[in-house]
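Residue numbers (our numbering), protein chains in the order written: chain A, 256 to 401; chain B, 256 to 401; chain C, 256 to 401; chain D, 256 to 401; chain E, 256 to 401; chain F, 256 to 401; chain G, 256 to 401; chain H, 256 to 401.
In short, the hints are calculated from the structure, not lab data.
Some clues are possibly wrong.
As the list claims (entries may be wrong) - DSSO-like, lysine-lysine: derived pairs with alpha carbons at most 30 Å apart:
1) E:K359 / F:K277
2) B:K332 / B:K277
3) B:K277 / C:K281
4) D:K332 / B:K359
5) F:K332 / E:K314
6) B:K311 / H:K311
7) H:K359 / G:K314
8) D:K281 / D:K314
9) H:K277 / A:K359
10) A:K332 / A:K277
11) C:K359 / G:K314
12) H:K332 / G:K359
13) A:K332 / D:K359
14) E:K332 / E:K314
15) H:K311 / H:K277
To be verified - Heads up, incomplete: computed chain C residues facing chain A, CB under 8 Å, no partners named:
16) P309
17) Y313
18) G341
These numbers come from a predicted model, not from an experiment.
C-beta atoms are modelled at their ideal positions from N, C-alpha and C, and glycine is treated no differently.
What follows is each chain in one-letter form.
There are 8 protein chains.
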Amino acid sequence: MTFVVYLAGQIHDDWRETLIEKVQEKDLPFEFVSPQTNHDLSDDIGEQVLGEQPGKYYKDDAASDINNFRTQVLMNKADIVIALFGEEYRQWNTAMDATTAVNKGKPLIIVRPESLIHAIKELSNKANVTVETIDQAVSVLEYVTI
Amino acid sequence: MTFVVYLAGQIHDDWRETLIEKVQEKDLPFEFVSPQTNHDLSDDIGEQVLGEQPGKYYKDDAASDINNFRTQVLMNKADIVIALFGEEYRQWNTAMDATTAVNKGKPLIIVRPESLIHAIKELSNKANVTVETIDQAVSVLEYVTI
Amino acid sequence: MTFVVYLAGQIHDDWRETLIEKVQEKDLPFEFVSPQTNHDLSDDIGEQVLGEQPGKYYKDDAASDINNFRTQVLMNKADIVIALFGEEYRQWNTAMDATTAVNKGKPLIIVRPESLIHAIKELSNKANVTVETIDQAVSVLEYVTI
Amino acid sequence: MTFVVYLAGQIHDDWRETLIEKVQEKDLPFEFVSPQTNHDLSDDIGEQVLGEQPGKYYKDDAASDINNFRTQVLMNKADIVIALFGEEYRQWNTAMDATTAVNKGKPLIIVRPESLIHAIKELSNKANVTVETIDQAVSVLEYVTI
Amino acid sequence: MTFVVYLAGQIHDDWRETLIEKVQEKDLPFEFVSPQTNHDLSDDIGEQVLGEQPGKYYKDDAASDINNFRTQVLMNKADIVIALFGEEYRQWNTAMDATTAVNKGKPLIIVRPESLIHAIKELSNKANVTVETIDQAVSVLEYVTI
Amino acid sequence: MTFVVYLAGQIHDDWRETLIEKVQEKDLPFEFVSPQTNHDLSDDIGEQVLGEQPGKYYKDDAASDINNFRTQVLMNKADIVIALFGEEYRQWNTAMDATTAVNKGKPLIIVRPESLIHAIKELSNKANVTVETIDQAVSVLEYVTI
Amino acid sequence: MTFVVYLAGQIHDDWRETLIEKVQEKDLPFEFVSPQTNHDLSDDIGEQVLGEQPGKYYKDDAASDINNFRTQVLMNKADIVIALFGEEYRQWNTAMDATTAVNKGKPLIIVRPESLIHAIKELSNKANVTVETIDQAVSVLEYVTI
Amino acid sequence: MTFVVYLAGQIHDDWRETLIEKVQEKDLPFEFVSPQTNHDLSDDIGEQVLGEQPGKYYKDDAASDINNFRTQVLMNKADIVIALFGEEYRQWNTAMDATTAVNKGKPLIIVRPESLIHAIKELSNKANVTVETIDQAVSVLEYVTI
């Protein structure tokens with residue numbers, strides 16, 4: 256039995272690679288999918304597919320069409336969602352992915368620094384588990400298999 | 256035929272009163288509910304009901320239990336959700352309420368300033384309508400009735 | 256016991272008024288809602304609320320945001336959907352509303368002229384009842400009450 | 256991880272073969288299903304299975320029974336739906352398949368020529384992405400995998 | 256608090272009137288709806304609305320369209336379903352209504368004579384309660400209110 | 256792509272073997288499951304597992320527990336349901352399985368002799384396709400694959 | 256706006272009356288329903304309706320049919336569930352009602368003494384709020400209204 | 256065709272090993288998953304992942320977060336749930352898992368000793384089958400395959 260894990264969250268550092276590596280070191284039966292992690296591509300995909308748009312709002316709207324398409328396809332396949340929140344940025348798409356996991360009955364782990372406890376308290380309360388580090392998230396995944 | 260509207264979003268100014276007043280001036284058939292708008296009460300409700308907690312994290316977790324209880328009761332009753340995002344704060348509970356509206360098939364209007372277009376683009380893309388002002392949101396509500 | 260009926264379909268003649276009048280003459284317990292039947296308003300509502308858009312596609316997209324908001328609010332309230340197809344126009348929003356009725360478990364009556372039998376056969380096959388005239392649709396509504 | 260794509264839409268040209276070929280050239284992990292693309296068979300299948308019917312309406316109704324059976328079986332298996340609208344015909348079964356994708360939470364790409372922007376605006380607004388060419392649709396599929 | 260009860264089952268005797276009278280004598284808060292109990296009308300409604308059909312099968316199919324429309328409208332409103340099976344007839348529409356109640360989460364009482372225990376055992380097993388007499392069914396309804 | 260077909264219906268002749276053989280001759284990608292077709296076992300399984308029961312009603316109720324368990328496990332796995340009604344017996348469990356298929360969105364083929372057209376008309380109206388012979392049912396299955 | 260509250264839990268003391276009185280003193284907009292609180296009636300209702308059963312197991316099974324009927328009817332009407340666990344008895348029906356509330360999206364308050372923290376930890380974790388006293392539960396209800 | 260079985264229930268003896276061994280002896284196509292059966296680990300996992308907590312309640316709450324995560328991941332994968340209740344302990348998490356199986360449409364076998372008939376009667380009434388021994392549960396599983 257293997258499990259698909261959707262890794263929602265910021266795309267400004269390499270936290271996904273770190274997490275996946277730790278899971279692979281332990282040889283755990285998890286496969287990973289994620290939103291587009293190439294930030295420029297994620298911003299430009301709308302114009303890249305649909306052509307130049309008449310302004311920033313329209314460029315963003317076109318990109319979000321295709322980013323949301325990708326997320327919906329991959330999250331439909333996921334057995335588990337991990338959502339990582341960092342200290343910068345609004346990260347509302349991460350909050351959206353995490354909430355969708357809850358509403359669709361997909362078990363959810365949130366990773367967030369201690370500094371965000373207050374800001375994320377209602378969403379954290381809906382997650383199955385909230386942790387502070389990648390290692391803790393990996394321990395929770397591992398717990399399913401032992 | 257009347258409609259219940261859940262007003263998600265920041266509780267740091269009086270945008271709800273402004274919106275409700277404009278709707279009442281036009282005598283439109285909408286009734287409004289909202290999260291707890293008394294900010295201190297919203298932060299303290301956990302300890303107020305359950306007693307002193309052993310630290311900030313536990314205080315916040317207890318408060319979010321009861322805030323989420325309130326939101327779930329009232330959003331279950333809502334026909335429409337309006338979510339307002341302001342320029343300050345992370346507002347992840349607002350993002351959570353807006354996403355839940357989408358996932359539950361409740362029509363959603365997002366109100367956000369132009370400065371947030373990029374940050375909120377994926378969530379905005381899932382809303383039925385995104386506007387910049389209270390007046391525009393009221394016009395969208397009014398459109399249901401004419 | 257009263258029933259809410261959503262009247263999907265073309266807005267180029269007064270078929271809704273005709274139907275409602277016949278139902279009222281028989282004093283039947285049905286209340287009616289519908290998409291925006293003011294055609295110009297339906298086309299212009301996007302720019303009216305959101306301001307001028309940078310072209311026809313964007314104007315149409317903005318209008319459809321708000322038209323779909325209205326439809327979703329009102330169809331959520333409906334116990335029954337009647338969808339009328341005429342001989343002109345593509346009427347894909349009518350097909351969309353009719354299909355949504357089927358998928359949401361809302362009983363559906365389609366009204367269409369004999370000339371459209373072939374073109375609409377798969378959708379007609381999913382409806383509860385397909386008729387050719389307003390009078391027949393009224394008879395089906397009446398049958399619920401006798 | 257592979258994905259099943261249901262190709263809804265007109266059966267009067269070879270757009271499906273074109274799309275599938277482009278996907279195979281890129282060696283992307285998509286498998287394709289579709290409605291019956293043999294137009295004569297699609298019209299005659301009712302009488303072919305159930306015997307001669309007493310008129311055109313009954314012949315069409317019998318055929319749509321079996322076409323809808325096929326569509327429901329295959330769309331239940333689909334992870335993604337692509338719906339192509341051409342300039343001819345009413346294509347209400349395509350609109351029905353596209354709407355069902357939306358209602359069932361299956362990510363949807365609409366392909367339609369610029370000339371249909373206005374007619375399809377409400378349905379297009381519910382799709383994840385609307386494009387004008389097969390190449391653009393293939394780019395959206397590819398985006399899920401990079 | 257009042258409850259709507261759908262009375263599925265045979266239309267060849269006056270069991271509904273008997274049951275409703277007993278409920279009214281006890282002044283219990285139940286309101287009743289049912290399929291068409293005028294048997295001739297139920298058989299003829301298809302041709303009555305749609306005109307003469309080309310044979311018995313087509314007459315029956317047209318009638319069942321409209322009977323199923325009525326049932327779906329009224330069962331959607333029901334809080335409780337009572338399905339009575341008698342010793343004559345196949346009563347497959349009654350079995351269909353009873354099964355739909357189970358699948359939709361509507362509490363179900365089956366009334367059937369002792370002679371049908373074996374034939375109906377799997378369906379009876381899915382009902383909340385199976386009884387043999389109208390009086391017993393009324394006692395179960397009454398139990399909700401005391 | 257292969258499909259699981261649940262074969263609901265009478266267990267008094269070998270119609271399942273006939274159907275499966277015809278499908279295998281054509282080398283079609285369908286796998287079959289069914290209720291318990293050993294009639295005596297189906298009647299006795301309750302007492303066989305739970306020990307002697309205090310009477311016929313209790314014996315039947317115990318058997319139906321386990322028969323319904325089997326049906327639910329296997330129908331959850333099914334992509335398609337075929338329900339065959341014969342001229343003898345009440346076959347309410349077949350009607351129950353057919354209705355459950357409809358309610359769960361599983362495409363349904365009903366096979367019934369001409370003599371039952373009237374008795375089964377409402378249920379037949381909810382099926383995707385109703386045919387009279389095994390060969391016709393096989394043709395409908397085959398249509399999914401060509 | 257008023258709310259229906261289902262009061263699940265033990266029927267061996269008058270906690271429901273206490274809670275209802277406190278809510279009425281505060282004039283809060285809640286209406287209450289509950290399982291059968293007459294313990295003897297709850298145990299005997301099966302035989303009372305269906306006649307003497309052939310043993311304790313069968314008497315209990317008959318009673319549970321009718322108790323579950325009552326619970327399902329009333330919980331379907333509930334906006335909120337409060338489940339009280341006491342120190343005696345297994346109270347598995349209370350655990351069942353509480354879990355059903357969670358699975359159906361009905362906001363849940365659990366009331367349990369400190370001594371049960373460990374035993375109920377997984378269920379408590381799924382509730383919105385867990386408290387120790389009736390007064391605390393009333394405060395949570397009140398919070399929805401202020 | 257193989258089936259995943261979730262084995263809910265007490266973790267104080269080796270009933271799972273016994274059951275699995277009997278299924279393997281018969282070479283039946285079932286795969287098994289379960290909650291954490293290492294009792295100490297199950298109690299300590301919260302602190303093990305999240306660090307020391309400020310008291311027993313908080314330790315238990317942290318553990319239940321991660322135990323519920325595990326259960327949700329594995330039960331989502333299950334085709335069948337078997338819930339065993341023993342004579343000791345409250346076993347409310349077992350009642351929760353069993354109820355969730357019912358609410359999610361997963362076929363449920365309850366195993367409980369005769370002494371618990373009365374206490375578990377309402378939950379037992381919702382299960383597909385209730386038995387007293389492991390051997391009986393294995394016979395019910397086997398019945399799906401013969």
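* **Structure versus earlier hints, numbers of those that do not hold, lowest first** => 1, 3, 5, 8, 9, 11, 15, 18
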